[in-house]
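**Student:** So the chains spell out like this:
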Amino acid sequence: MGAKHFGARVQRIEDPALLQGKGRFVDDVKIPGTLHACFLRSPYAHARLRSIDASRALALDGVIAVFTSADMPERMQRERMPMLVPNAAIAALRTQHALAVEEICYVGQTVAVVIARSRYIAEDALALIDADYEALPAVSDLKSAIAPGAPVAHADLPNNIASDFKMEYGDVDGAFARAPHVFEESLWQHRGGGMAMETRAVLASHDSASDLLTIWTGSQTPHIGRRMLSDMLDRHIESIRCIAPDVGGGFGPKAIFYAEEAVIAACALKLGQPVKWIEDRREHFICATQERDQYWDVAIAVDDHGKILGVRGALLHDTGAFVPWGIIMPYIAAATMPGPYVIPAYRLNVRVALSNKVATTPVRGAGRPQAVFAMERLLDRVARELNIDRAELRRRNFIQPEQMPYSVGLTFRDGKPLIYDSGDYPKGQSEALRISEYDSFEERRKAARAKGRHIGIGLANYVEGTGLGPFEGVTVRVLQSGKVAVATGATQQGQGTRTTLSQIVADSVGCRLEDIVITVGDTAAIANGVGAFASRQAVNAGSSAQIAGTNVRKQIVALAAQALGVAPDDIDIADGEVMARTGNKPVLTFGELARMSQGMPGFSMQPGQTAGLENTAYFTPPQAAYCSGTHVAEVEVDLVTGGVKILNYSVAHDAGNIINPLIVDGQVQGGVAHGIGNALFEWMQYDDAGQPLTTSFADYLIPMAGDVPSCKIAHVETPSPLNPIGVKGAGEGGTIPAPAAIISAIEDALKEFGVHVTDTPLTPGRLVELLTAAGAYDELAFG
Amino acid sequence: MGKQKVTLRVNGVSYEREIDPRMTLGDFLRHEIGLTGTHLGCEHGVCGACTVLINGLSGRSCLAFAVQEDGSEITTVEALAENGELNILQQCFQEHHALQCGYCTPGMLMTLTELLRDNPKPSEKLVRDTLGGNLCRCTGYAAIVDAALDAAQRLAAAREA
Ligand code: FES
Ligand code: FES
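Note that the protein sequences, when read in sequence, are chains A and B. Here this note's numbering is used: the first residue of the first sequence is 2, the next is one more, and so on. Here this note's numbering is used: the first residue of the second sequence is 41, the next is one more, and so on.
These are calculated hints, taken from the structure and not from any lab test. Note that the Cβ used here is the ideal one computed from N, Cα and C, for glycine as well. Among the hints, erroneous ones may be present.
As the list claims (entries may be wrong) - Derived lysine to any residue pairs resembling SDA-like cross-links, with alpha carbons at most 25 Å apart:
#1 B:K43 - A:A60
#2 A:K23 - B:I73
#3 B:K165 - A:K5
#4 A:K23 - B:Q131
#5 A:K31 - B:E72
#6 A:K31 - A:P149
#7 B:K165 - A:I436
#8 B:K43 - A:L129
#9 A:K5 - A:P569
#10 B:K43 - A:R582
#11 B:K165 - A:T764
#12 B:K43 - B:I59
#13 A:K31 - B:E200
#14 A:K713 - B:P162
#15 A:K5 - A:G707
#16 B:K161 - A:G707
#17 A:K271 - A:R81
#18 A:K646 - A:L434
#19 A:K23 - B:K45
#20 A:K447 - A:A392
Claimed, not checked - Some chain A residues well away from chain B (every beta-carbon gap over 10 Å; in silico):
#21 R76
#22 R81
#23 E103
#24 D172
#25 N350
#26 D576
#27 I703
Chain A extracted, bound-state conformation (with noise of 0.2 Å):
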């Protein structure tokens, strides 16, 4: 008995269907009748919508309906999307219609829906739609957004302030006046997205006979998604089901509530048909949420060893044209600048600006990469004006461990103080230092440059609120068939979340991996559910398998030992079956109590009987667990192309307990891909009047196979105290450093040249631009 599974490298039990292409998508999901639905956008960043004519598309053979905002029920033409995360600190409090009322802010926004009987038809039907705007000056870059005198992105709005507010604990201003060095950086980090492999999907059908309105959608939250469906759709809760059947990735923007799902569901209920929407990935480029455009201007004030004494300073972030999220994430951002430093006092003045672009929400590290690429830039320019070796200086500015609990003095976005529950920074930067060999890179430059070769090494720690609430349930019942089936409100979009689940409740419960059936992302599943983000699920849904499960288990133990007659105490379990340790060791299996457990008809249950043998928890988390870790990156620069190729990547990671190391280490490398993207490629442009010019995967580039190193992974393993299984988050570490790993390590390639990088992406006609203006190509001949 004990930890069987949790901790091993168990196989995942989700592969063998999606292997032989027997998973379930929601576009592999066939429903006879079904119609096929297409959205008109607008191709403005801004205008009003005057008037559409769809009378061309209508005489179209094999088209349904078209439907604009009037055909929508009451509340959705009345009301606008629901906000996620209300906040007070926000200005404009803003969601879009379901479908364009009058003004439209951005390219790509919903205008009205095609329902034809195929794709391709509803296709051909759009472009026959009369839809006649007027054009409203755009804002599209974020400065020019907060201008004095700049276009709104908003009709109505006196300007495109969303919010303004203010993080700060300490003395900053004194800190920074008798500080003997200050130093200054003007940092950038793009716009990008999620980019899941699969785009958005919607599938909508309203069974007349039951009255129940089944939503197969793409989604991180399905529970959300129906409490919102039941408000615009003004339809009890109970006769609404969503389902995210498997998802082909997720990172962030499928956990947003979107206009699409809501008109999806209104048709097939108004057409009494199912109706199917699946995006194409130009509408993914266009309309799925997006990250990360975020100006910092900081400063860092130190004394003469490097030791922090303070930081300061303004980030500007571009909500886009709404904010369906809130303003989590220059929340985030601003709070996870301290990281794992030992800051006396800190300020940040926020300002989160509207433009007239798709509206940014969390992808995959909301808001931290930019905050620790700001803070790891300032300590790599301390470092560099002081004489101190990079990752010298932080150690010297590192939170010791036995500073655990650390209140860093600020509030998270969970609302309450911000304290790191446990971990221990030095020794994960030692860790990652050992593994990528820093101690000996001199020598590697050295060898490189009698080659002709630049290679730089880099790195960056970060610290993450992981595991946020506010809960996630599990329910464990034993089935009479002797199986386990489990149920959770949490979901899967390639974390594996079937298989910890499994893992988890096969060492509570006492039962084979293989004998559990676990149901993900159902709302039918479970009364209550969240969903996947802010890296969440392994706390709270892995909490509430142990919590339940046990629960289980003592509910077997009571009723085998009245069945046996033995005390309780004297009760055995192992893989489903139960045993007695005494007399001839009588033995009943899990099925065998799980009849039990129903008792018979007519007689009443035994004192202390439960009915069945099942239990529901929900485990609420007290607070964030913060997971961290450090960064190693070796790059080599091509002079001549600027092109930057990744050597050696290293990775120092503290998810706390790991319940599948297999699994842990895959979303580790999958994050630093991720952020290498983000580091070097990927870049989602816009010009002046707010067209997206990136709309494509020709245009904009992520990661490929050949970009990405194998990187090298240790876990240091520091328990969170806050959760019975002592985990934390690890889907998104892996991104969080990358941007500021890598930037540092190119910098330090090209120390000669004296290249100052202060934005990302760095593609290799901005490293070019930058080797220029430092004079790199004056003293190279290239014939």
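Assemble chain B with the ligands onto chain A, guided by the hints.
**Tutor:** Using the frame of chain A, we list chain B with the ligands on its own:
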């Protein structure tokens, strides 16, 4: 638009259908004959999720019209498992955790099936270069490369045995 008759052999089974000439091969597989294992990630020829073998050569089913392939032999991910047992490449994918969401996986498997058939002992560089036509957003590729190299070795051992 007149319908056109096509006959395709898919995974050894012949399918004859009257279809729109503009129907892509990917949509034909997924929606005409119900083989939804082949996935569409971009529908513009870059991501490789839709990769199938067309007369033994990897091709992007989002870029071909089904009528162009009239008479062709198509192999999809559904053909890889033998009698419900994962084949060696599939087993290696599971053991190395070479898939997370599984959306890119069918394309990866088909690309690698071709590679390992034509290059029984590929170098890591060749594997990575070959996978350059298949995007994966989840895994960061490392485990996919490991799985391919491991499968090459195990296939070689199986051939010798
Ligand atoms: S779907 Fe064919 S290449 Fe992306
Ligand atoms: S496993 Fe998700 S895209 Fe590759």
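**Student:** Decide, hint by hint, whether the structure agrees.
**Tutor:** Right, here's what the structure says about each hint:
1. B:K43 - A:A60: Satisfied, since the Cα-Cα distance of roughly 20 Å is no more than 25 Å.
2. A:K23 - B:I73: 14 Å, holds
3. B:K165 - A:K5: Answer violated: B:K165 to A:K5 is near 38 Å, above 25 Å.
4. A:K23 - B:Q131: 15 Å, holds
5. A:K31 - B:E72: With Cα atoms ~11 Å apart, A:K31 and B:E72 stay inside 25 Å; holds.
6. A:K31 - A:P149: Status violated; Cα separation ~53 Å.
7. B:K165 - A:I436: 23 Å, holds
8. B:K43 - A:L129: Holds, at about 22 Å.
9. A:K5 - A:P569: Status holds; Cα separation ~22 Å.
10. B:K43 - A:R582: Violated - the C-alpha atoms of A:R582 and B:K43 are around 73 Å apart, more than 25 Å.
11. B:K165 - A:T764: Holds, because 23 Å separates the two Cα atoms, which is no more than 25 Å.
12. B:K43 - B:I59: 5 Å, holds
13. A:K31 - B:E200: 44 Å, violated
14. A:K713 - B:P162: This hinted pair holds, its Cα atoms lying about 23 Å apart.
15. A:K5 - A:G707: 37 Å, violated
16. B:K161 - A:G707: 18 Å, holds
17. A:K271 - A:R81: 20 Å, holds
18. A:K646 - A:L434: 20 Å, holds
19. A:K23 - B:K45: 28 Å, violated
20. A:K447 - A:A392: 20 Å, holds
21. R76: 34 Å, holds
22. R81: 31 Å, holds
23. E103: The assertion about A:E103 holds, with a minimum of 32 Å to chain B.
24. D172: 43 Å, holds
25. N350: 35 Å, holds
26. D576: With a cut-off of 10 Å, A:D576 remains clear of chain B, as the shortest Cβ separation is near 22 Å.
27. I703: Incorrect as stated: the minimum Cβ-Cβ distance to chain B is 6 Å, not above 10 Å.
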